[in-house]
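*Asks:* As given, the protein sequences belong to chains A and B, one line each in that order.
Quick note: the first sequence uses our numbering, first residue 2, plus one each step.
Quick note: the second sequence uses our numbering, first residue 2, plus one each step.
Heads up, some of the hints might be wrong.
[Said to hold, decoys possible] Derived DMTMM-like pairs: lysine to aspartate or glutamate, alpha-carbon spacing no greater than 25 Å straight-line: (1) B:Lys-250 x B:Glu-272; (2) B:Lys-250 x A:Asp-82; (3) B:Lys-250 x A:Glu-253; (4) A:Lys-250 x A:Asp-200; (5) A:Lys-250 x A:Glu-269; (6) B:Lys-250 x A:Glu-307; (7) A:Lys-250 x A:Glu-263; (8) B:Lys-250 x A:Asp-232; (9) A:Lys-250 x B:Glu-56; (10) A:Lys-250 x B:Asp-321; (11) A:Lys-250 x B:Asp-246; (12) A:Lys-250 x B:Asp-232; (13) B:Lys-250 x A:Asp-243; (14) A:Lys-250 x B:Glu-307; (15) B:Lys-250 x A:Glu-263; (16) B:Lys-250 x B:Glu-269; (17) B:Lys-250 x A:Glu-206; (18) A:Lys-250 x B:Asp-243.
Hints are computed from structural coordinates only; laboratory data are not their basis.
There are 2 protein chains.
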Amino acid sequence: MGTVAVVGTGLIGGSLGLALRRAGLRVQGYDADAARLERALERGAVDAAAGSLLEAYAGADVAFVAVTVSGVADAVTAALDAGVGAVSDVGSVKAPVVRAVEAQAGGAVARFVGGHPMAGSAGEEGIEGADADLFDGAAWVLTPTASTDPAAFTAVRDLVALTGAAVMAIDPDLHDELVATVSHLPHLAASALMHVAADAQPNHETLLRLAAGGFRALTRLSGRSAGIWPDICVENRTAIVDILDRYMKELERVRDLVAAAERAPLLEFFEAARAEGSSLPERSAGAGPLVELVMPVPDRPGVLAEVTTLAGRRGVNIVDLDISHGPTGGVLVMVVPATGADPIVAGLDELGYRTTRRDVG
Amino acid sequence: MGTVAVVGTGLIGGSLGLALRRAGLRVQGYDADAARLERALERGAVDAAAGSLLEAYAGADVAFVAVTVSGVADAVTAALDAGVGAVSDVGSVKAPVVRAVEAQAGGAVARFVGGHPMAGSAGEEGIEGADADLFDGAAWVLTPTASTDPAAFTAVRDLVALTGAAVMAIDPDLHDELVATVSHLPHLAASALMHVAADAQPNHETLLRLAAGGFRALTRLSGRSAGIWPDICVENRTAIVDILDRYMKELERVRDLVAAAERAPLLEFFEAARAEGSSLPERSAGAGPLVELVMPVPDRPGVLAEVTTLAGRRGVNIVDLDISHGPTGGVLVMVVPATGADPIVAGLDELGYRTTRRDVG
């Protein structure tokens, strides 16, 4: 099947290693923390514990960099320099990483595809919490750009699909804006609430004893690895500041409704919030019938990103993808859930792509 | 054992009925919604479905009013007027209810003890979600005041203890202030976040597909029965507006740290939030050795509230309580967890109570 380098063998890297090894791949692991790497080997998350970055990359077809956000660009560039055919990462912020790799690696950035699995452990953190099923049914974002090499994208996508994740292709900047809302804001909102609770002196003990379900859920949320968050906040600060401002404006609005005892608008506020929550799709995104979309594509850069991120913008995951090149251009084959096919075909039509669709059950 | 009236047979009333019947009591139920009352009877949450409020109260030793906040005072007053010996409620806001009952029932308010079980269903709402174990290990606040009759307090406390809940005595105003933080603010914060997410057009579909654990936890929180929240917000508006203001100030502070890319203070912010979350006590409050505190008490009003809410302010639940009256005053016996005994004894000492303590295993 091939050889994969996994750099950083914590929760995400370890889980990825377990999933890929289960699928029959050889995994070469490296971690700057020797004890953690040793533990990954013991847990069966890697086949071999490399003594250095370069040793992990040697002979690897694909490399996944699963270190904290601030270390991603250097480790990715090292993989590209070492000649690995396709390189991805798992960082929570994407645009700064893509730009940093571009600046450091030049044209070789074509072999880099940014990635972000939207999954975390509810239980143990780090390599101890690693689980081959961690990504099953979760969304895994890939962020191809106009300069992304389709072969590199396909190689990364194929491996990610082996984890059971639903692949979503999204523009790096849009990704950062959306995760500011669905991931960074919840963490910040829960953490700020913990500070307010901590200030409840002299009745702090009593307050904690009264903490029921809702407060406990926020506690779990704010209790995740504090160390990774300053990096995330700084890297994605533009989107985060914007979403915090919108959040405070919304809180200000409901505060005024409460102060004025406006029952009817308050009911509307709570009902709209409930409706939004209940519109969440089920986690098992892979279910249901599939459709194969086949389209001739011109041999120019950016086609892959154009087509795949169109699906991402429609909230449609890419179940399978294949690109073949002929003498007069290529053919792109994309498999998507049938429920998402219509909006994509319409969007492709607008972009001038002539698409043939076929149900594939 | 006795007869208990339960008025309002939804999630809380139904669960209470199931728990009390399991303990051998007779439960007379009433609900303005005849279908819900019928369902409570079918589910075994009540022994008899009364045709009216007064029929439910007839012959009852204790009454629990488990209707929405705005209807509590009237139903409580009716129970007092009907001569029920001890009356309690389960509303989320306490001071306005205590004051309303005082205004309506006059001196009979002595037989009313406000209550608030800090438990809710993670699953189904309403009578269908009712569960005899719902309160097991949860905190159940009682709010005695200076005018509370010790016999009424003891009668309510004894029944509540049968549900497996840990009884905490807290001043009504302090209760409202604390639940604004641990219950009302989390709900408002999660709901406001849902509004921000709903506004993420035109990428709303994609945003929902990216929703991972943290966002989903908030979704569950904001998805609870919207209908009860306007009442709660209006009844507890002073405390809620205050806590929202403090929350927005905290968000403003972290927003500025993010905007200025201040890594070190951000790390401090996240670490403090995590520490606060991890200081939450385990839900099983009943565990561990117990201590019996025995103290002579003068025969004057307010002693019960003074002693029991002292425990509540120290975050200590009351495992058992008994008051006996002699010719020269009374003796109050209070059983508390051994871990909480020292601060209570010290506090009682300051108030002039001479306390004898004895380990009771």
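*Asks:* Determine which of the earlier numbered hints do not hold for this structure and return their numbers in increasing order.
*Replies:* 2, 6, 9, 10 and 14
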